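Going down the list, the protein sequences come from chains H and Y. Using my numbering, the letters of the first sequence correspond one by one to residues 776 to 1188. Using my numbering, the letters of the second sequence correspond one by one to residues 776 to 1188.
Watch out, some of these pointers could steer you wrong.
Said to hold, decoys possible - List of simulated lysine-lysine pairs, DSS-like, C-alpha gap at most 25 Å:
1) Lys870(H) - Lys1122(Y)
2) Lys1147(Y) - Lys1147(H)
3) Lys1122(Y) - Lys874(H)
4) Lys1147(Y) - Lys1181(H)
Bear in mind the hints are in silico, worked out from the structure with no lab data behind them. Please read all numbers here as calculations on a predicted model, not as lab measurements.
Protein chains: 2
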Amino acid sequence: MEEAYITLPKGFKANGVSAGMKCSDPANINKDDPRSSYLDVSLILSDLPCNVAGVYTSNLVKGHSLTRSIDIINSGKEVRGITVNSKVANACVGKIGVKDADDIASSLAGKLGINPDEILTASTGVIGTRLPVEKMIKVHDELVNGLSSDPESAHDAEYAMMTTDTVPKEVAASITLNGGQEVNIAAIAKGSGMIHPNLATMISVFTTDVKADNKVLDKALRAAVAHTFNRVSVDGDTSVCDSVIIMANGASEAVIEDSSEDYKIFEEALTGLSEDLARMIASDGEGATKFVEITVSGAKDADDAKLVVTSVARSPLVKTMIFGEDCNCGRVITAAGYSGASFDPDKIDIRLNSLLTYENGIAVDFDEDLAKKLLAGHDIKIEIILHEGDAFDRMYTCDFSYDYVKINGSYRS
Amino acid sequence: MEEAYITLPKGFKANGVSAGMKCSDPANINKDDPRSSYLDVSLILSDLPCNVAGVYTSNLVKGHSLTRSIDIINSGKEVRGITVNSKVANACVGKIGVKDADDIASSLAGKLGINPDEILTASTGVIGTRLPVEKMIKVHDELVNGLSSDPESAHDAEYAMMTTDTVPKEVAASITLNGGQEVNIAAIAKGSGMIHPNLATMISVFTTDVKADNKVLDKALRAAVAHTFNRVSVDGDTSVCDSVIIMANGASEAVIEDSSEDYKIFEEALTGLSEDLARMIASDGEGATKFVEITVSGAKDADDAKLVVTSVARSPLVKTMIFGEDCNCGRVITAAGYSGASFDPDKIDIRLNSLLTYENGIAVDFDEDLAKKLLAGHDIKIEIILHEGDAFDRMYTCDFSYDYVKINGSYRS
């Protein structure tokens, strides 16, 4: 795979700097550390105005940086970029939280000579704490002056978004449209706890150099997110800051019209990248030692398929069983049974990495040594077959480890 | 408090023995160990026939010992007792599982000179494994011969039900009816993982010497369970074997008629005992280091109150925060926000052991030292006030610790 970075589409620049939120004094930063340990403010900017679409958390409580961005996107105005910070979520601090986000956007807009409404804002981190606006504005010169389309600056934008993520999550694709034009899409994302549909403590930004109106972008983004980002569960918690945003600047001059052949190509590419990021997020769930894919087939309808797959993916008993590498699929059938879906428990089959462990609702006397070997791997697939109909669903999750408890027992400190 | 044991009501005997399911060879048992480490088969027997009622798991998948008992209770026949085993749940093994439970009841009935249908069966433990029927029947002579109403035999019946429970759970009450008669109710229960409404991997048996028909018993039991056992969540998993059963033998000759003053006294006592057991189960949740009580008040209606309290009690992020003694109530407001309840997030207040941490949806600048001190205690109370209406609900849970992961990463071995 080619190197992926957010500025691969034409006409985008990016940068990430430290405002000292991750490290108390930016002057003392050890540059030998992984850059994610000290970078905390990023900016992704397009040379041209962008059409834009977003998909956001379903949580009633929404962060202030996010509500500000939602208002801008809903207004239908073109935007030029987005600034993201980690460490502080800018949520639940009252009306002052919207003003803080406004002040940050205004400061950047002033330095860029554009309108504040052209800069979207996103924040992730601790809830209930105000953004250190002054500290953040102090590094805006450095942030803007360092903007570049080179891969290192683009990676810095991703590093600055990361919280408990252990690896950066960057993807990109170059696709050829029917007319032969080559266009680009790139995306970055951060996980990694408080993750459950719909979306999570997750922020993802897509850039593309196609030209597409907001309605088309919105349609393609919703389609791409539905069975990818919205099928990742780390711990069943849905955070207040989750968002996936796509900015299209038209620099390639290729136009994506609704319902065209090119639209299909574009939506497919967007879905593929979303799927890659969704898998990366689940793999890098807080404390995760395994990547777990759960599928349900043969459900009566789509609702039942989703109920079962969500229930199994959310079960702490299933997740600790995977961590312990113990092929105890009684926990899977139990989670299916209390999911609320309607099915005959005497017809259910369960496979773990292809090994049949339950058949017609009855535990199979499988080879324990083989099961141990299968579970020792990193990638675990649990297949649940209900034999009630044709509906299918899938979810990505991870195991529950000591480290999940450790990370979340002391997140603030 | 007086010593509580299941044979306190008149006319009940009990016993618990080892069939070697917890220890591979009962001959090698170290009698200095806690009795819960080797006792695994119990019997509670009434001298007189009992009326009976039960409340069972809502899981679609139900254990075979349990479905057998449900059939007997639904038939309206009187019963004489119940045998409970730990270590093997007798679930998901096919039709043979019902026959196994039948065989066990038949063996006991033969030794007691009664009908097999007069013995209820209950099992808790690993799913998908057959009961070692032969091994269990071998100890039935010892089980029956040791039946006694003395407290030690009664405690043994409780020890034999325990799986990952660390403490026995026994309660009893003597109540005086309006006519001056003193009657007794006693109950035992086991937890402690896979616990979530409705019921859990939980088994509880009540005995009483009142006379009450099945309909009255059923009504009183459902009322008692609704806001007690059905408000305990350890990990959000609802197991396939959960049941609460009450047997009333009428030995006291006091009769409880529906809608009488005595009924009220009886239901209140039953609710009180259920509440005590529910608190004990939450406190002894797998790996728990804290007991957590969550209340929601001011909800629009009862459904919303339940949605919020369930969502917060189930959140791994809230539970690890309590384990880490970190007063990070942003996680509480987040879990309330995605609960599906409808409320204005700008009106919500949150208190943690009385300390106001959120007011009108905004984080309060509280005294961190005081918060640390409050969270260092064993009993944690989270109060959520929505200011939308008058509905209230409450749930009992525990924190999520390293030990939860440890216990459940290797439960079968």
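Taking the hints in turn, this is what the structure says about them:
1. For the given pair, Lys870(H) sits about 13 Å from Lys1122(Y) by alpha-carbon distance, which is consistent with the 25 Å threshold.
2. Note on Lys1147(Y) and Lys1147(H): the hinted pairing is violated, with a Cα-Cα distance of about 43 Å set against a maximum of 25 Å.
3. Proximity of Lys1122(Y) to Lys874(H) is assessed by CA-CA distance (about 20 Å); at most 25 Å being required, the pair is judged to hold.
4. Distance hint between Lys1147(Y) and Lys1181(H) is fulfilled; the C-alpha atoms sit about 18 Å from each other, no more than 25 Å.
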